[in-house]
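Asker: Here is what each chain is made of, one letter per residue.
There are 2 protein chains.
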Amino acid sequence: AIVAVLEELASAPAAPDLRGLRVLVSAGPTLEDLDPVRYLGNRSSGRMGFAIAAAAAQAGATVTLVAGPVSLPTPPGVAQRVDVRSARQMHAAMLDAARAADIVIAAAAVADYRPAQVSTHKLKKHGGAMILELAENPDILAALAALQPKPFLVGFAAETEQLEAHARAKLERKGADMIAANRVDAGLGIETADNAISVFWHGGQHELARADKTTLARELLALIATRRAAVRAAAP
Amino acid sequence: AIVAVLEELASAPAAPDLRGLRVLVSAGPTLEDLDPVRYLGNRSSGRMGFAIAAAAAQAGATVTLVAGPVSLPTPPGVAQRVDVRSARQMHAAMLDAARAADIVIAAAAVADYRPAQVSTHKLKKHGGAMILELAENPDILAALAALQPKPFLVGFAAETEQLEAHARAKLERKGADMIAANRVDAGLGIETADNAISVFWHGGQHELARADKTTLARELLALIATRRAAVRAAAP
Numbered sequence: 001a002i003v004a005v006l007e008e009l010a011s012a013p014a015a016p017d018l019r020g021l022r023v024l025v026s027a028g029p030t031l032e033d034l035d036p037v038r039y040l041g042n043r044s045s046g047r048m049g050f051a052i053a054a055a056a057a058q059a060g061a062t063v064t065l066v067a068g069p070v071s072l073p074t075p076p077g078v079a080q081r082v083d084v085r086s087a088r089q090m091h092a093a094m095l096d097a098a099r100a101a102d103i104v105i106a107a108a109a110v111a112d113y114r115p116a117q118v119s120t121h122k123l124k125k126h127g128g129a130m131i132l133e134l135a136e137n138p139d140i141l142a143a144l145a146a147l148q149p150k151p152f153l154v155g156f157a158a159e160t161e162q163l164e165a166h167a168r169a170k171l172e173r174k175g176a177d178m179i180a181a182n183r184v185d186a187g188l189g190i191e192t193a194d195n196a197i198s199v200f201w202h203g204g205q206h207e208l209a210r211a212d213k214t215t216l217a218r219e220l221l222a223l224i225a226t227r228r229a230a231v232r233a234a235a236p
Numbered sequence: 001a002i003v004a005v006l007e008e009l010a011s012a013p014a015a016p017d018l019r020g021l022r023v024l025v026s027a028g029p030t031l032e033d034l035d036p037v038r039y040l041g042n043r044s045s046g047r048m049g050f051a052i053a054a055a056a057a058q059a060g061a062t063v064t065l066v067a068g069p070v071s072l073p074t075p076p077g078v079a080q081r082v083d084v085r086s087a088r089q090m091h092a093a094m095l096d097a098a099r100a101a102d103i104v105i106a107a108a109a110v111a112d113y114r115p116a117q118v119s120t121h122k123l124k125k126h127g128g129a130m131i132l133e134l135a136e137n138p139d140i141l142a143a144l145a146a147l148q149p150k151p152f153l154v155g156f157a158a159e160t161e162q163l164e165a166h167a168r169a170k171l172e173r174k175g176a177d178m179i180a181a182n183r184v185d186a187g188l189g190i191e192t193a194d195n196a197i198s199v200f201w202h203g204g205q206h207e208l209a210r211a212d213k214t215t216l217a218r219e220l221l222a223l224i225a226t227r228r229a230a231v232r233a234a235a236p
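Going line by line, the protein sequences match chains C and E. In this text, residue positions in the first sequence follow this note's numbering: the first is 1, and each later residue adds one. In this text, residue positions in the second sequence follow this note's numbering: the first is 1, and each later residue adds one.
Excised from the complex, chain C in its bound form (with noise of 0.2 Å):
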């Protein structure tokens, strides 16, 4: 199997051929209002997301492009793009989204939660400390995998610390094929143009060494096509 996986990446290609193939991608953060003027945010830039929509585009994929708020012009190639605030809002797009997609990247960094309760007023300030309720926001790289068919799914982690636990939790807890998994702190992954992603999957695991976003799109797009086409020769 190992040796299986090795030839795999020797033969992926560097630049991916997606022609045919729908793919949907998540990008950005999410924000989570507590009332009109406050929220609860992720640090996320969508620049990883953006440019896997781009790169996914260029390799001939017909792309549409979930976003949460973020101030980025929508990749030249990609056919739909669907700009969201809210996790919940972003759950119901890429549902809606999936149904028609073959490979689905969730690259946005999705609130995990949310205010429980909204006000339509601005909260008036009432010294002393303050204590926010917060709800727990649908998992939606779990709804993508529960989906029939199920497209190829690969999800991201962002995590500070045991970062291959984290992502192989991630991998079997979500039901996702792959899981795309990066360090945020050293200047790395939100908010920086550089990043360096570890990529794991069922009984294998690949290095994408720092480099710029764009270029690490198309690595990993070259290592999904691999990895898929691996998956389908396999199915019974």
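It is worth saying that the hints were derived from the structure and are not from the lab. A few of these clues could be false.
Taking lysine-lysine pairs in the DSS-like style, the calculated list, with each CA pair at most 30 Å apart, reads [as the list claims (entries may be wrong)]:
| no. | chain 1 | residue 1 | chain 2 | residue 2 |
| --- | --- | --- | --- | --- |
| 1 | C | Lys-125 | E | Lys-125 |
| 2 | E | Lys-170 | C | Lys-150 |
| 3 | E | Lys-150 | E | Lys-170 |
Since chain C is already given, all that's left is putting chain E on it; use the hints.
Answerer: Just chain E, lined up with the frame of chain C:
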């Protein structure tokens, strides 16, 4: 007194003259980290504050701009820019710079609260609800008002309701010389190009009608120059 105010307004120049004055402006949101990925934020593009800094520099002032996390270029002519992220960083930068300022315009949307605990690791999700404890941030406007000698101090109030009541309460409570209040609904105020501002001071008020932020900034500075002159003329 009303006649005097009207005369002042009638004589307010369209292009304010701030030559020889040192103006300190804050702009943008503050973001309060919960862990390396999550934060509590305020919606603010920073454009109003940046427009005020630009207009003040154009009017001949020596301008220092303290900016929260925004993706805006420093306006031409601004002498110094200090970038900060949190309310506590903004508090320190503003108090430091205010000692050398004749006029302070606090246009930043500063977070009233921050997470009571900040985690250096990414907090892991653990199903169900969650409680977030918040601690109160320092009151920058009140701290600026306590400076001796006190600069001419202009605060901002973004309100969804009871604009005048909230603005006048803030004027009294904080010890500011002027409060510029704007509604944050109906496509106005935050993350938009246009704005409309109601300006309140002890014994007077003035409406700056909906306009682009560059125009409003110039009008607001003209009003500030006029009011500052009136206050100084009335001083013992």
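Asker: Now, for every hint given, state plainly whether the structure supports it.
Answerer: Status of the hints after comparison with the structure:
1. A hinted pair counts as satisfied when its Cα atoms are at most 30 Å apart, and Lys-125 of chain C with Lys-125 of chain E qualifies at roughly 28 Å.
2. With a C-alpha separation of about 56 Å, the suggested pair Lys-170 of chain E and Lys-150 of chain C falls outside the 30 Å cut-off, and the hint is violated.
3. At roughly 17 Å between alpha-carbon atoms, Lys-150 of chain E and Lys-170 of chain E fall within 30 Å of each other, so this suggested pair holds.
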